[in-house]
Structure formats: structure tokens, C-alpha cells
Amino acid sequence: MSQTTYHRALEIMRDVCIGCSHCMKVCPTEALRVTGGKAHIHVDWCIDCGECYRVCPTRAIRVMDDDFKQIYEYKHRLLLVPSVFFAQFDNKVSRETVCSIIGELGFTEISTVEQSVDTLIREENDYLKNCVKPSISSFCPAVVRLIQVRFPSLLDHIMKLIPPIEITAQYFKRKYAEEGIPESDLGIFYLTPCIGKIAAVKSPVGGYESPITGVINMDYFYNKVYLAFKQHIPLTSQVKVSRELSSKGVLFPVTGGESVHIEGKTLAIDGMNNVIDFLEMLENEEVEGFDFLELRACDQSCAGGILCHRNRFLAAESMREYASSISDTHSLVPEYLKHCSAVIHMDEIEPRSMIKYDRDIDVALKKMEGAKKLRMLFPGIDCGACGAPSCEALAEDIVKDQADITSCIFLRTLFEKRGEITLEEAVRIMEKIWGKDRFNKDL
Amino acid sequence: MLTEYNVEGGDFTRAGYASSQIKKTLKNLNISPEIIKRVVVALYEAEVNIVAHAFKGVISADISNSGIKLVLEDEGPGIPDIDMAMTKGYSTASSRVREMGFGAGMGLPNIKDNADRFNIVSRVGEGTRVTIEIDFAG
Numbered sequence: 001m002s003q004t005t006y007h008r009a010l011e012i013m014r015d016v017c018i019g020c021s022h023c024m025k026v027c028p029t030e031a032l033r034v035t036g037g038k039a040h041i042h043v044d045w046c047i048d049c050g051e052c053y054r055v056c057p058t059r060a061i062r063v064m065d066d067d068f069k070q071i072y073e074y075k076h077r078l079l080l081v082p083s084v085f086f087a088q089f090d091n092k093v094s095r096e097t098v099c100s101i102i103g104e105l106g107f108t109e110i111s112t113v114e115q116s117v118d119t120l121i122r123e124e125n126d127y128l129k130n131c132v133k134p135s136i137s138s139f140c141p142a143v144v145r146l147i148q149v150r151f152p153s154l155l156d157h158i159m160k161l162i163p164p165i166e167i168t169a170q171y172f173k174r175k176y177a178e179e180g181i182p183e184s185d186l187g188i189f190y191l192t193p194c195i196g197k198i199a200a201v202k203s204p205v206g207g208y209e210s211p212i213t214g215v216i217n218m219d220y221f222y223n224k225v226y227l228a229f230k231q232h233i234p235l236t237s238q239v240k241v242s243r244e245l246s247s248k249g250v251l252f253p254v255t256g257g258e259s260v261h262i263e264g265k266t267l268a269i270d271g272m273n274n275v276i277d278f279l280e281m282l283e284n285e286e287v288e289g290f291d292f293l294e295l296r297a298c299d300q301s302c303a304g305g306i307l308c309h310r311n312r313f314l315a316a317e318s319m320r321e322y323a324s325s326i327s328d329t330h331s332l333v334p335e336y337l338k339h340c341s342a343v344i345h346m347d348e349i350e351p352r353s354m355i356k357y358d359r360d361i362d363v364a365l366k367k368m369e370g371a372k373k374l375r376m377l378f379p380g381i382d383c384g385a386c387g388a389p390s391c392e393a394l395a396e397d398i399v400k401d402q403a404d405i406t407s408c409i410f411l412r413t414l415f416e417k418r419g420e421i422t423l424e425e426a427v428r429i430m431e432k433i434w435g436k437d438r439f440n441k442d443l
Numbered sequence: 001m002l003t004e005y006n007v008e009g010g011d012f013t014r015a016g017y018a019s020s021q022i023k024k025t026l027k028n029l030n031i032s033p034e035i036i037k038r039v040v041v042a043l044y045e046a047e048v049n050i051v052a053h054a055f056k057g058v059i060s061a062d063i064s065n066s067g068i069k070l071v072l073e074d075e076g077p078g079i080p081d082i083d084m085a086m087t088k089g090y091s092t093a094s095s096r097v098r099e100m101g102f103g104a105g106m107g108l109p110n111i112k113d114n115a116d117r118f119n120i121v122s123r124v125g126e127g128t129r130v131t132i133e134i135d136f137a138g
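In order, the protein sequences belong to chains A and B.
Counting from 1, position 280 in the first sequence corresponds to residue 280 in this note's numbering; the numbering is continuous, with no gaps.
Counting from 1, position 29 in the second sequence corresponds to residue 29 in this note's numbering; the numbering is continuous, with no gaps.
The hints are simulated quantities; they were obtained by calculation from the structure and are not laboratory data.
Predicted model, so just to flag it, every value in this text is computed and none were measured.
Some clues are possibly wrong.
Taking lysine-lysine pairs in the BS3-like style, the calculated list, with each CA pair at most 30 Å apart, reads [unchecked claim]:
#1 A:K400 to B:K69
#2 B:K27 to A:K366
#3 B:K88 to A:K133
#4 A:K25 to B:K27
#5 A:K373 to B:K37
#6 B:K37 to A:K133
#7 A:K338 to A:K240
#8 B:K24 to A:K373
#9 B:K27 to A:K356
#10 B:K24 to A:K372
#11 A:K133 to B:K24
#12 B:K27 to A:K202
#13 A:K356 to A:K25
#14 B:K37 to A:K372
#15 A:K400 to B:K37
#16 A:K372 to B:K56
#17 B:K56 to B:K24
#18 B:K27 to A:K160
#19 A:K366 to B:K24
#20 A:K366 to B:K37
#21 A:K373 to B:K69
#22 A:K25 to B:K24
#23 B:K69 to A:K356
#24 B:K24 to A:K160
#25 B:K24 to A:K356
#26 B:K88 to A:K265
#27 B:K27 to A:K133
#28 B:K112 to A:K133
#29 A:K366 to B:K69
#30 A:K400 to B:K27
#31 A:K400 to B:K24
#32 B:K37 to A:K160
#33 A:K265 to B:K37
#34 B:K27 to A:K372
#35 B:K69 to A:K372
#36 A:K373 to B:K27
#37 A:K356 to B:K37
Where chain B lies over chain A, by a calculated footprint (3+ residues, C-beta under 8 Å) [claimed, not checked]:
#38 277–289
#39 360–372
Even glycine gets a Cβ: it sits at the ideal position worked out from N, Cα and C.
Go ahead and model the full structure; you've got the sequences and the hints to work with.
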């Protein structure tokens with residue numbers, strides 16, 4: 001598989017992978033294949049959406065988060081907590097308790113990620129006065145990457161504003177600097193509900209550099225917090241909590257929580273397939289008249305984040321309930337407004353070319369024609385027994401010399417029927433794709 | 001590479017299939033997004049014209065290393081006055097349809113604007129043949 005310059009947010013652990021191909025079937029860019037009984041990622045095609053992680057039955061997909069212990073390298077350890085984290089707990093675990101436990105686990109200050117949302121909404125409405133319509137929210141990193149890879153013609157529709165997490169991080173970076181604390185003493189950590197955000201922080205788009213020191217996996221951290229709660233660990237550490245948050249902030253990460261504040265004609269769409277369908281239409285200029293699109297890769301947006309464990313509908317409901325109990329603004333909004341316009345803008349987002357056949361158009365055309373012919377021979381069932389997600393994908397792999405025509409179980413059966421390949425050869429092919437172990441069983 | 005697509009008159013739910021397929025092909029060939037957009041916009045418009053006005057038609061797409069040639073041939077009523085049909089804003093749609101936001105004209109001129117070479121031949125009572133050529137370079 002080819003080299004890449006993009007940060008990889010996930011990795012398959014070969015010793016844990018059982019080559020079940022569930023991941024291969026759900027990948028929206030068809031970036032996964034099974035060979036030798038293990039799944040492999042085509043890294044240039046991966047958009048870090050984490051759909052594979054969601055379906056993996058053996059947890060063989062590792063999130064490339066940062067080691068928790070590294071927080072102790074810093075004297076001041078700030079954790080930016082997304083509001084969806086508090087919604088992972090039912091009412092028995094209060095926000096205050098969660099904050100105290102986070103302090104006990106080693107952080108010196110806590111703020112919610114969405115503290116910057118009120119300001120961002122203002123900037124978005126400002127931005128919309130003069131931009132390509134419809135403007136697409138830059139909030140969901142999986143959507144941004146999807147557009148880079150599959151819809152490069154729509155890149156200029158993406159709002160060139162950084163997401164809330166980065167604005168909040170910038171705010172705290174400046175605040176600590178003003179207090180005279182050396183930069184090397186401050187560690188800004190982000191507790192992430194999704195894999196896409198890890199990649200977004202590590203290799204941001206639009207010529208931006210993130211002040212975030214490390215990213216903590218929410219799935220991992222939830223267990224740590226809940227274990228501490230269950231074991232009633234003594235809460236003795238002092239942690240500073242920056243409590244400023246509005247109902248707008250709490251609801252921003254759920255579906256419709258952004259578009260509802262945007263002036264003009266807007267639409268909120270969640271779920272990877274729904275987003276893809278809509279982007280296809282948008283690219284064909286079949287949709288007109290919209291000013292703003294809130295597109296989120298996960299069903300129920302961040303409440304259904306890859307690293308969220310709680311039922312997405314219950315989590316979203318918790319967030320709504322909490323939002324209805326607090327004010328729609330907070331006291332830090334003026335201060336955010338004053339400073340954030342300096343950092344909020346980003347540059348053009350570059351396309352990420354997904355070379356399907358070849359860079360050379362003559363070669364590509366030839367290969368494509370070959371793939372077209374092959375597809376006529378395949379059954380069109382997309383069974384995946386060849387180790388590719390679809391008949392189309394197998395045809396592409398074959399013309400690129402990455403698979404053989406006998407990988408198709410239907411054609412292979414035909415060749416066997418004709419006596420053109422032996423049973424031993426057929427077994428060997430199957431073992432090559434799915435691994436030897438699968439065909440050594442005591443029945 | 002030559003591909004053909006059949007288009008049924010009146011079948012709006014399937015309209016756009018050929019444009020989607022050709023878009024996918026061009027993306028897989030790494031054709032620049034700007035060129036793809038022109039192809040898709042022109043083709044979609046022409047495809048919908050067949051669905052809306054003709055009985056049936058065939059779209060043939062010939063892709064070479066230098067560009068794409070699209071021929072849309074339909075069996076239909078034909079266009080009595082092509083010059084009139086090529087006028088921006090001209091529409092045969094009734095005022096009621098236009099009030100609904102459809103049939104505002106611009107169909108054929110928009111196709112022509114997106115094409116590097118454009119040709120239209122029509123026989124009343126027989127059908128129309130639209131040829132759209134778009135170059136990949138520049």
C-alpha cells in the first residue's frame with residue numbers, strides 16, 4: 001500500500017483482526033480489502049470517518065490517540081471536554097461529579113469545547129454574507145475529508161472557519177500566555193468523541209496549525225471516569241472548571257444545533273450515506289436556493305460519535321434536557337468575540353486526489369475499459385468473497401494487478417466446472433484471501 | 001471508451017442516471033473538477049430535456065484522452081424553431097408551470113455555454129439530436 005503524508009487516525013491490529021470483512025463492507029471510500037485473512041487499509045483513500053471501527057466485532061481497529069500519561073509532562077493540564085461527554089452518563093452522575101473525577105485523574109483545568117460556539121455562530125452568519133452558496137459547515141472533519149477525496153469540486157463550498165474546538169483551544173492558549181505561563185508548561189488536551197477529530201487536530205486542513213497538545217480517546221476516558229465513580233475514589237484534588245457555556249453550545253454538536261442559528265435557507269443532514277447522496281446532487285447542481293448546509297457523518301451527529309458508547313438518542317436527549325435548563329448566552333462571549341476573529345479564518349482546503357487507475361489518462365482509460373469488461377463477467381452480487389467490497393472494486397483491483405480474476409468465487413466455480421483449474425488451486429486461492437486457518441477445522 | 005444509456009420519456013425519477021455514471025467515470029480518470037462540472041451540468045440538462053419532451057432517447061458517451069463527446073438522440077416531437085429555442089429565457093412551458101419555478105428556458109443556451117462544441121439538429125415529428133463536446137485540456 002502506498003505512502004501517505006496524511007495523519008492516520010486508525011490502524012488495524014493484525015494479530016487481533018479475524019478478517020471478517022465487516023469493515024470492508026461499510027467503508028464509504030472502499031478503502032479496505034481482505035488478504036491473507038486480514039483487513040488492510042488503503043491509507044490514501046481513508047477519510048478517518050471510523051465506520052470500520054464501529055462495526056469491528058473484535059476491536060481490531062486501533063485509534064491512534066495520544067498516551068494518557070503524557071499529560072504529566074506539563075505543569076498546567078487543560079482538558080477540553082465536549083458536551084457530548086457529559087451526556088454519556090445518566091442523571092445519577094452529575095456534571096460536578098464528572099468534573100471532580102477528571103480533576104482527580106490528573107487535569108488541572110476543565111472547559112467545555114463548545115464555549116466558543118456563540119462566537120462562531122456570529123462569525124458564520126458574517127461569513128455567509130459573502131461566500132459561495134450553499135456554504136457547507138466545516139464542523140464535521142469526516143465530511144470535510146469526504147469532500148476532499150470524493151467531491152473535490154465542492155471544496156470551495158466549505159466554510160473557511162475553524163471548528164469550535166480550535167477556537168476554544170486558541171482562547172485558552174492566549175489566556176495562559178497573558179497570565180505569564182510559559183507555553184512549554186501548558187498542555188491542552190482534547191477529549192474526542194470521534195476518530196475524524198484526531199486526524200483533524202494532527203493534520204488540520206486549510207493551512208492551520210492546532211495549539212492542541214494531545215487527543216484523548218473518549219471511549220477510553222469514559223471507562224476511566226466511570227470506574228472511578230463506581231469505586232468511589234476519594235475526590236481530593238482541586239480542579240478549576242471554566243463553566244461558561246450556553247444552550248447554543250450544548251446543542252451545537254447534535255443534528256440541527258448549528259443550522260438553526262444560521263440565517264437564510266438551511267438544511268441539516270446526518271448519516272454518512274445521507275450526506276453522500278446529498279453531495280452527489282449538489283455536485284450535479286440539482287439542488288438550488290440553499291444558503292447553508294449542516295452535514296454530519298454520524299447519525300445524530302456527535303451524539304452518535306464513533307467513540308461514544310451510550311445510545312445516541314438517549315445522549316442527544318440528555319443534551320437537550322441540559323440545554324433547556326441553562327441560558328442561551330454566557331459571560332465570556334464578549335471576550336471570545338474580541339479575540340477570535342484573529343484566529344478563526346483558514347485558507348483554501350486542498351483536494352486529496354483518489355487515484356483510481358493511473359495518473360496518465362491513456363493508461364487510466366485502458367484500465368477502465370478493462371475493468372468495464374470484467375464487470376460484465378462478474379455476478380454483481382457484491383458478496384465480498386474475493387476480499388474486495390464489490391464486483392466493481394474487484395474489477396478495478398484486477399486491472400491494477402492487485403488481484404486476480406480467479407479471486408471471484410463465481411468465475412472460479414465456472415473454471416472448475418470446465419476443468420480449467422483444479423480443486424487444490426481453488427482451495428489455495430481461497431486460503432490466500434481468507435487465510436489458511438479458516439480452512440483447517442475439526443468438524 | 002464508448003458507453004450508451006437509454007432514457008425513457010416521462011421517467012423523471014430515473015433522470016440524471018447517465019450524468020451520475022459519467023461523473024463517476026470522469027472522477028476515476030482524474031479529470032479536473034471544473035471540467036467534470038461542465039460535463040455534468042450540460043448532460044443533466046440535456047438528459048432532462050429528453051425525459052420532459054421526448055418519447056425515448058439514447059445517450060452515447062465517448063471518452064478519449066482529449067475529451068468527451070456526448071450524443072443525445074431522441075424520438076420525439078422535435079423543435080420547430082431552433083433559433084428561438086436557443087434564445088435565453090425562451091420557454092415552451094405554460095405560464096402556470098413557470099410560476100412553479102420550472103420551465104424558465106435557459107436549457108439549450110446553458111448546455112451550449114458549458115460545451116466547447118455544440119450542435120443541434122431537429123426534425124419536427126421525428127426527433128432531436130444534440131451533440132456536446134467538452135475538451136479535457138484547458
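Hint by hint, which ones does this structure get wrong, listed from lowest number up?
none
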